[in-house]
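Visitor: Sequences are here, hints too, so could you generate the full structure?
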Amino acid sequence: MDFAICESCLSGQTRLTRAPNGAECKICTLPFTVYHFKASSKINRTLICHNCSKQRNICQCCMLDLQWQIPVELRDRVLSAVQGSQVTTQEAQNEMMKRFIALKNGDSYKLGGASITSDAASTAQILERIRGTLAQIELPGDKSKAAKPIVAPNSASEVDISHLIKKLPLKNSLETAQSFFLYNIDSSIPEWAIVEAVSEVVETSSWQDPVSTSVVINHMARCGGIRFKTSELASKFVNGIEAFQTPANVTKGKLALQNSKIHVVAWPHFHRAAMGNKNSECLKLAQVLEKLVQKDLTTAGESGSKARQSKVAKPNKKRASVKTKKNRRAIDIEL
Amino acid sequence: MAQDSIENVEYWKKRPAPIQVSEKDLPSSIPPQTGLTFNLWYNKWSQGNSGQSRFVSPYRLDVRAHEGRTRGDKAKQLLFCLYFSKGMCCLGRKCEYLHHVPTADDIAKLSLQSDVMDCFGREKHANYREDMGGVGTFRKKNRTVYVGGITGALNNVPFKSSQIENRIRFTFAKLGPLERIRYVETKNCAFVKYKHQTSAEFSKEAMSNQTLLIPSDKEWSDRSDGTGLLVKWANDDPNPEAQRREKEQQDQESLNVMLELIRKNDAKEQPSLENTSSSGKRLLEGAESEDRSLQSSIFSGLSSFNLRKLKKLKVDKADDVQLKEIPTAGLVEYPSSDDD
Numbered sequence: 001m002d003f004a005i006c007e008s009c010l011s012g013q014t015r016l017t018r019a020p021n022g023a024e025c026k027i028c029t030l031p032f033t034v035y036h037f038k039a040s041s042k043i044n045r046t047l048i049c050h051n052c053s054k055q056r057n058i059c060q061c062c063m064l065d066l067q068w069q070i071p072v073e074l075r076d077r078v079l080s081a082v083q084g085s086q087v088t089t090q091e092a093q094n095e096m097m098k099r100f101i102a103l104k105n106g107d108s109y110k111l112g113g114a115s116i117t118s119d120a121a122s123t124a125q126i127l128e129r130i131r132g133t134l135a136q137i138e139l140p141g142d143k144s145k146a147a148k149p150i151v152a153p154n155s156a157s158e159v160d161i162s163h164l165i166k167k168l169p170l171k172n173s174l175e176t177a178q179s180f181f182l183y184n185i186d187s188s189i190p191e192w193a194i195v196e197a198v199s200e201v202v203e204t205s206s207w208q209d210p211v212s213t214s215v216v217i218n219h220m221a222r223c224g225g226i227r228f229k230t231s232e233l234a235s236k237f238v239n240g241i242e243a244f245q246t247p248a249n250v251t252k253g254k255l256a257l258q259n260s261k262i263h264v265v266a267w268p269h270f271h272r273a274a275m276g277n278k279n280s281e282c283l284k285l286a287q288v289l290e291k292l293v294q295k296d297l298t299t300a301g302e303s304g305s306k307a308r309q310s311k312v313a314k315p316n317k318k319r320a321s322v323k324t325k326k327n328r329r330a331i332d333i334e335l
Numbered sequence: 001m002a003q004d005s006i007e008n009v010e011y012w013k014k015r016p017a018p019i020q021v022s023e024k025d026l027p028s029s030i031p032p033q034t035g036l037t038f039n040l041w042y043n044k045w046s047q048g049n050s051g052q053s054r055f056v057s058p059y060r061l062d063v064r065a066h067e068g069r070t071r072g073d074k075a076k077q078l079l080f081c082l083y084f085s086k087g088m089c090c091l092g093r094k095c096e097y098l099h100h101v102p103t104a105d106d107i108a109k110l111s112l113q114s115d116v117m118d119c120f121g122r123e124k125h126a127n128y129r130e131d132m133g134g135v136g137t138f139r140k141k142n143r144t145v146y147v148g149g150i151t152g153a154l155n156n157v158p159f160k161s162s163q164i165e166n167r168i169r170f171t172f173a174k175l176g177p178l179e180r181i182r183y184v185e186t187k188n189c190a191f192v193k194y195k196h197q198t199s200a201e202f203s204k205e206a207m208s209n210q211t212l213l214i215p216s217d218k219e220w221s222d223r224s225d226g227t228g229l230l231v232k233w234a235n236d237d238p239n240p241e242a243q244r245r246e247k248e249q250q251d252q253e254s255l256n257v258m259l260e261l262i263r264k265n266d267a268k269e270q271p272s273l274e275n276t277s278s279s280g281k282r283l284l285e286g287a288e289s290e291d292r293s294l295q296s297s298i299f300s301g302l303s304s305f306n307l308r309k310l311k312k313l314k315v316d317k318a319d320d321v322q323l324k325e326i327p328t329a330g331l332v333e334y335p336s337s338d339d340d
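Just so you know, the sequences run in chain order B and F.
For the first sequence, the UniProt record's numbering gives the first residue as 1, with consecutive numbering after it.
For the second sequence, the UniProt record's numbering gives the first residue as 1, with consecutive numbering after it.
It cannot be assumed that every hint is accurate.
[As the list claims (entries may be wrong)] Here are the simulated lysine to aspartate or glutamate pairs, DMTMM-like style, with alpha carbons at most 20 Å apart: (1) B/Lys38 - F/Glu123; (2) F/Lys264 - B/Glu128; (3) B/Lys98 - F/Glu130; (4) F/Lys141 - F/Asp237; (5) F/Lys174 - B/Glu196.
[Unchecked claim] A few chain F residues that don't get close to chain B, going by computed Cβ distances all over 12 Å: (6) Glu23; (7) Ser46; (8) Pro58; (9) Arg69; (10) Asp73; (11) Arg93; (12) Asn156; (13) Gln210.
[Unchecked claim] Residues from chain F shown here face chain B by an in silico Cβ test under 8 Å; the list is partial: (14) Ser162; (15) Pro177; (16) Glu253; (17) Leu261; (18) Asn265.
The set of hints was computed from the structure by calculation and includes no laboratory data.
Idealized CB from N, CA, C, for every residue including glycine.
Guide: Put into structure tokens, the structure is as follows:
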């Protein structure tokens, strides 16, 4: 009997049954001896052959690393992060290479990170190294963050999006309405995080209307909209989030999320089409919104209030002033 | 969030799962004749133009109406009913599998199991199928599904692109927490990324061969004339921005794993100090680690700033490679022919 099954798969089971006919190995497609066993009221069986499991140092049932109980890809990533050199488990792409690798003896031939985790001494060594790496990273963390780079391809700048801007509530303030417009959404923020943040503010997760779309996030345009089921929930949301005054004396809301603050204004006419469909439209809209955010965040002393007010009143003119005011940008986007 | 999930969950936990289709209404297991002889083994007609014809499924999962308790809940079953996801389980509360959309709780329990099976208990394969359909692979965590065949699912009715996106968003959002949706108007397809892989697996089954028409459309009664949605696994997003994001997530994940490894190692050396890590399984990649990184815990100190530091470290380390390079055996240790 030779097999490699991790303890968490076996969970104390000592009786294995050999299947009468075996099966095809999921990795090398050669026939192998299958064992099955019952552990924690579930029947497990080996899916890959012993040789493949030795080559990759993985469990024959769950295919996680035998030493660390993590997937192969993750193990290789951790090792390459610690060692500074690329560690990958190269898998065969075609039939011939599958055979070729399958014929190598798994005791001596290790793929990728298996050469480390299959050997106790080098595993201990790597663990020490991980400890060192973590210590280096976790040095008294000064949490200063650089301003995020704003992607602004030039090709987007000549697209006309005045028809979108007309429909967007850029002049609105934070007031009670059933739906809201969100902007300054970092493209790395997933939709569920926004949903969770809103749920936290209104203290219930059933704020969405079950018969219509309640959350629309356009990551490309870095904006989105939410709609509440009832106006009570909406007013709870308005009261729950932090409000701030822009230089133009408009009250806007801020929803704190991860490292960024999403700006919130009322949007009574919630409308998906206003957020643009084409790539270029979305990118341009993101630029316009970015400028709006910068303007809202600059203090009154930094720039002439006259120019600002005219911009708020006529969002279309903003496009004309893109080039001239490029250098004026608040340093801290996130406040 | 805990109280939220209870609120959400409550409505189906209280009632037994209804029967979605009565047994006598189920279609025959023999597909309509398209060939000369019927192959019992593959359940297919052969000798003929047995081309895979696309169709609209007459059944559909209605989340609000169909969810409920089953025997599986009592037996602490972790797997979901495949027929339920397609809206055609004839067992109702007598089903041995779960009859509800995967919740964060289920996903946390499922991810303690390994990736060799999907949420319906089907074994995954080493590689994706050529057409990216089917169960998928155990080698890659894929949370994104490709949605094609949109025109067919709308019976060729010309809808505005924002309407189409809205419909996709509405139907797919009901099946799990979304991360992002990208509708590509020019290519007439959409990419739906979920928070968890399990949600992607579930929605892939639930939405395949479904129509995007809604009952208020005047074409609703003719929906079976169209062809259903084509839901498949998505390849990696080639957009550099998306790849950077993915990289950052992966770095965060490997950092978490490093911490966990150290913690486990310490626990092994001093077993009296820590008994909690006895579960001996890897971190939950989706639900827990992300929640943990949001909330205050050991990971709160690791911000993107630290990630950047880690990256810098990597670059530094690359300089003295001769020390650290492990002898990696190439796939081929000798040239395959003299010409090489």
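Visitor: If a hint holds in the structure, say so; if it does not, say that too.
Guide: Tested hints:
1. B/Lys38 - F/Glu123: holds, 17 Å
2. F/Lys264 - B/Glu128: holds, 13 Å
3. B/Lys98 - F/Glu130: holds, 17 Å
4. F/Lys141 - F/Asp237: Satisfied, since the Cα-Cα distance of roughly 14 Å is no more than 20 Å.
5. F/Lys174 - B/Glu196: Status holds; Cα separation ~15 Å.
6. Glu23: The claim stands: F/Glu23 keeps its Cβ more than 12 Å from every Cβ of chain B (closest is about 28 Å).
7. Ser46: Nearest chain B Cβ is 24 Å from F/Ser46, so the label holds.
8. Pro58: Answer for F/Pro58: holds, closest chain B Cβ roughly 23 Å.
9. Arg69: holds, 20 Å
10. Asp73: The claim holds: F/Asp73 sits with its nearest Cβ about 15 Å from chain B, beyond 12 Å.
11. Arg93: Holds: least Cβ distance 21 Å, greater than 12 Å.
12. Asn156: holds, 20 Å
13. Gln210: holds, 17 Å
14. Ser162: OK, holds: F/Ser162 within 8 Å of chain B, min 4 Å.
15. Pro177: holds, 4 Å
16. Glu253: holds, 7 Å
17. Leu261: holds, 6 Å
18. Asn265: At about 6 Å, which falls below the 8 Å cut-off, the nearest Cβ of chain B leaves the hint on F/Asn265 intact, so it holds.
Violated hints for the displayed structure: none, as all numbered hints are satisfied.
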